[in-house]
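Q: So the chains spell out like this:
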Amino acid sequence: MPVPELLPESLFDKLWNAHVVEPQSEATPAILYIDLHLVHEVTSPQGFDLLREKGIGVRRPERTLATLDHATPSLPPGADGQRPYITEQAHYQVQTLRANCREFGIELHDWDSPSRGIVHVMGPELGATQPGMTIVCGDSHTSTHGAFGALAFGIGTTEVGHVLAKQCLLQNKPGSMRINVAGTLGEGVTAKDLALNIIRHLGMNGGTGYVIEYAGEAVRSLDMESRMTLCNLTIEAGARAGLIAPDETTIDYLRGRAKVPQGEIYARAAEQWLQLASDKDAAFDQEITLDASGMRPTITYGTDPGMSVAIGEPVPAASNASQEKALQYMGFRAGQSMRERKVDIVFVGSCTNGRISDLRAAASVLRGRRLANHVRMLVVPGSENIRRQAEIEGLHEVFSTAGAEWRLPGCSMCIAMNGDTVPPGKTAVSTSNRNFAGRQGAGSRTLLASPETAAACAVMGHVAKVMDLGTANLETVQEVA
Amino acid sequence: MRAFTKLTGPILVLEQENIDTDQIIPARYLTVTNFDGIGEHAFADWRFDANGDPLPGHVLNEPRAGHSPILVGGHNFGCGSSREHAPHALLGFGFRVVISSQIADIFRSNSHNVGLLPVVLDATQHASLLQMDGEEITVDLEQCRVTVRATDGAEQNWAFTIDPFARHCLLRGLDRFDFLNQAEDAIEAYEKSP
Ligand code: SF4
Numbered sequence: 001m002p003v004p005e006l007l008p009e010s011l012f013d014k015l016w017n018a019h020v021v022e023p024q025s026e027a028t029p030a031i032l033y034i035d036l037h038l039v040h041e042v043t044s045p046q047g048f049d050l051l052r053e054k055g056i057g058v059r060r061p062e063r064t065l066a067t068l069d070h071a072t073p074s075l076p077p078g079a080d081g082q083r084p085y086i087t088e089q090a091h092y093q094v095q096t097l098r099a100n101c102r103e104f105g106i107e108l109h110d111w112d113s114p115s116r117g118i119v120h121v122m123g124p125e126l127g128a129t130q131p132g133m134t135i136v137c138g139d140s141h142t143s144t145h146g147a148f149g150a151l152a153f154g155i156g157t158t159e160v161g162h163v164l165a166k167q168c169l170l171q172n173k174p175g176s177m178r179i180n181v182a183g184t185l186g187e188g189v190t191a192k193d194l195a196l197n198i199i200r201h202l203g204m205n206g207g208t209g210y211v212i213e214y215a216g217e218a219v220r221s222l223d224m225e226s227r228m229t230l231c232n233l234t235i236e237a238g239a240r241a242g243l244i245a246p247d248e249t250t251i252d253y254l255r256g257r258a259k260v261p262q263g264e265i266y267a268r269a270a271e272q273w274l275q276l277a278s279d280k281d282a283a284f285d286q287e288i289t290l291d292a293s294g295m296r297p298t299i300t301y302g303t304d305p306g307m308s309v310a311i312g313e314p315v316p317a318a319s320n321a322s323q324e325k326a327l328q329y330m331g332f333r334a335g336q337s338m339r340e341r342k343v344d345i346v347f348v349g350s351c352t353n354g355r356i357s358d359l360r361a362a363a364s365v366l367r368g369r370r371l372a373n374h375v376r377m378l379v380v381p382g383s384e385n386i387r388r389q390a391e392i393e394g395l396h397e398v399f400s401t402a403g404a405e406w407r408l409p410g411c412s413m414c415i416a417m418n419g420d421t422v423p424p425g426k427t428a429v430s431t432s433n434r435n436f437a438g439r440q441g442a443g444s445r446t447l448l449a450s451p452e453t454a455a456a457c458a459v460m461g462h463v464a465k466v467m468d469l470g471t472a473n474l475e476t477v478q479e480v481a
Numbered sequence: 482m483r484a485f486t487k488l489t490g491p492i493l494v495l496e497q498e499n500i501d502t503d504q505i506i507p508a509r510y511l512t513v514t515n516f517d518g519i520g521e522h523a524f525a526d527w528r529f530d531a532n533g534d535p536l537p538g539h540v541l542n543e544p545r546a547g548h549s550p551i552l553v554g555g556h557n558f559g560c561g562s563s564r565e566h567a568p569h570a571l572l573g574f575g576f577r578v579v580i581s582s583q584i585a586d587i588f589r590s591n592s593h594n595v596g597l598l599p600v601v602l603d604a605t606q607h608a609s610l611l612q613m614d615g616e617e618i619t620v621d622l623e624q625c626r627v628t629v630r631a632t633d634g635a636e637q638n639w640a641f642t643i644d645p646f647a648r649h650c651l652l653r654g655l656d657r658f659d660f661l662n663q664a665e666d667a668i669e670a671y672e673k674s675p
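Top to bottom, those sequences are chains A and B.
Per this note's numbering, the first sequence starts with residue 1, numbered consecutively.
Per this note's numbering, the second sequence starts with residue 482, numbered consecutively.
None of these hints come from the bench; they were simulated from the model.
Idealized CB from N, CA, C, for every residue including glycine.
Don't take every hint at face value.
[As the list claims (entries may be wrong)] With a Cα cut of at most 16 Å, we get these calculated EDC-like pairs of lysine to aspartate or glutamate: (1) K54(A) to D659(B); (2) K280(A) to E9(A); (3) K54(A) to D656(B).
[What the hints assert, rightly or not] Covered, in the sense of this in silico footprint (three residues per stretch, anywhere, with C-beta under 8 Å from a C-beta of chain A), are these stretches of chain B: (4) 548 to 560; (5) 651 to 664.
Construct all of the structure, not just a fragment, from the sequences and the given hints.
A: Laid out in structure tokens, this is it:
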């Protein structure tokens, strides 16, 4: 007999309820316990200052994990042995995190760590990210970790201080949305394309105030790296967090990773994790169903990630003054074919699409081909682990042979604060997550796409998709066979 | 944190929708380790050319900009990154209030934490404000009310809602950390629970 007062709960409800230290009231937000706090150099210094101001330590250093990623150069040290930081201030920011981690006893993945990487790539890779957790970081793409069935969201620097000090956050419970994606993604259509289609459907603010759970056949059949890409981009629709219920794919991915329990204990943990799912009749504030089967390789054309089209379709007309302004900034005319756009720079990397499967996808397009003469391409692995794996597989040689630059792990051109920038007026096809005006450097024009598409654009020298390639820029026909 | 109760002053309108935090403070200014002086770089790519010279035509470079404490932005203000540098940059520039018809989640909570008042009005009220660049209005957090004066001098009062705890802290200039700190027993109990 079901107990009548037990209402069916969503995955989000379960994660939320399990972490409430003090419930939300009319007058005050809930106090939410945080299981894992990820830290990087840009948004943490003022948080550590709070500790010093209050004369306290980090409450749970073992629940805190730090890396260097945003301000770090992607070029190796020069002849003088010095890393080429863009400014002394950027170098100082890195030194500040190093000093803070030493002072407060936090595990930092510094230059010498074999695991250093972009914060949202490194956490899952180490198995620090686990189902059922609450995870925060002073970075909006913390939503990435929701791919594991963890409640994960970005916070501001004041809140970084709060979590360092108290391992807790003041939060009002967001609303809940479920997006069911029926059908299956077609050949050559990736999680990036799926996400861009979802953001276009919701609009870049359609998720504001919500935690989104992704469900349905198309989501279930994604591997973990693709799920991370999807959840990563949740913030681009304005939502706080994205969630996917753990399943065997999740359990297989995490098994054997450095920070998960091993053997028998892992099996028991996995059993618990598999319980984390929305109950059958769980209520959502909003529910949407989309069909994956009609989706095609997609690219953005405007200055927000919601402005995208299937490659091959013309640039849509602006529907308001802001979109008009976006088209102007991007140098597009409504009705124009996207293919006319010459591409100057291609960036493969970031916490959205800088994982090994992304690099393999880009390499598979480039193998045996070379970049169009005018194209500059940067390939930046998401972590040291990915860099090593790619080099074992010889992917770095595929990139170099094609004419691309193989760089050191970090955020690089995604945020362009380390000196890797797109010059004013130039067009970049980027596998990252934001095409805001100036995001990749003042005056930069960013088109967001999947690694496959980015590589195809690099070969063709203009906007293209893999299917357009034919035998373009093949060095020899044999090499691709 | 500076308390906010009530303020009367001219508004500055930035009509564009989806003003993201990369516009408010471009990433290259994020290598700082404190927020001092960050207001100088607010909207840097809008205000300055490639040589760092001010663009004469931009409203943010008009003399009135520094004396307009109320920013009215287009729909979905503050979307994008979680950088707290954004509300700090607006405060540093001289704004105390940001009004829009939608304000992004993380930007809003960051604003609460640093003492910038985010106000969300309905679409019609917001649309009228967008037409009132430079006019004086009153934002009253005690009453949760925005007062505008129509051309015939008649006053209109618009109510807004805000998270009650954020209002409580902003009105008194309270640091939210202290509230968290008072919950030490509950946090300990939670940590001890199985
Ligand atoms: S790769 Fe880009 S989005 Fe991801 S953490 Fe770095 S800067 Fe942020």
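Q: Each hint should be assessed against the structure and marked as holding or not.
A: Okay, the hints, checked on the actual structure:
For the hint linking K54(A) to D659(B), the alpha-carbon distance of about 11 Å falls within 16 Å, and the restraint holds. In summary, the hint linking K280(A) to E9(A) is supported, as the alpha carbons are separated by about 8 Å, within the 16 Å threshold. For the given pair, K54(A) sits about 12 Å from D656(B) by alpha-carbon distance, which is consistent with the 16 Å threshold. Look at the segment 548 to 560 of chain B against chain A: 4 of its residues bring a Cβ nearer than 8 Å to a Cβ of that chain, three or more, so the hint holds.
Coverage of the segment 651 to 664 of chain B by chain A holds. Counting CB-CB distances below 8 Å, 6 residues qualify, and the rule asks for three or more.
Every hint, counting from the list given before, is met by this structure.
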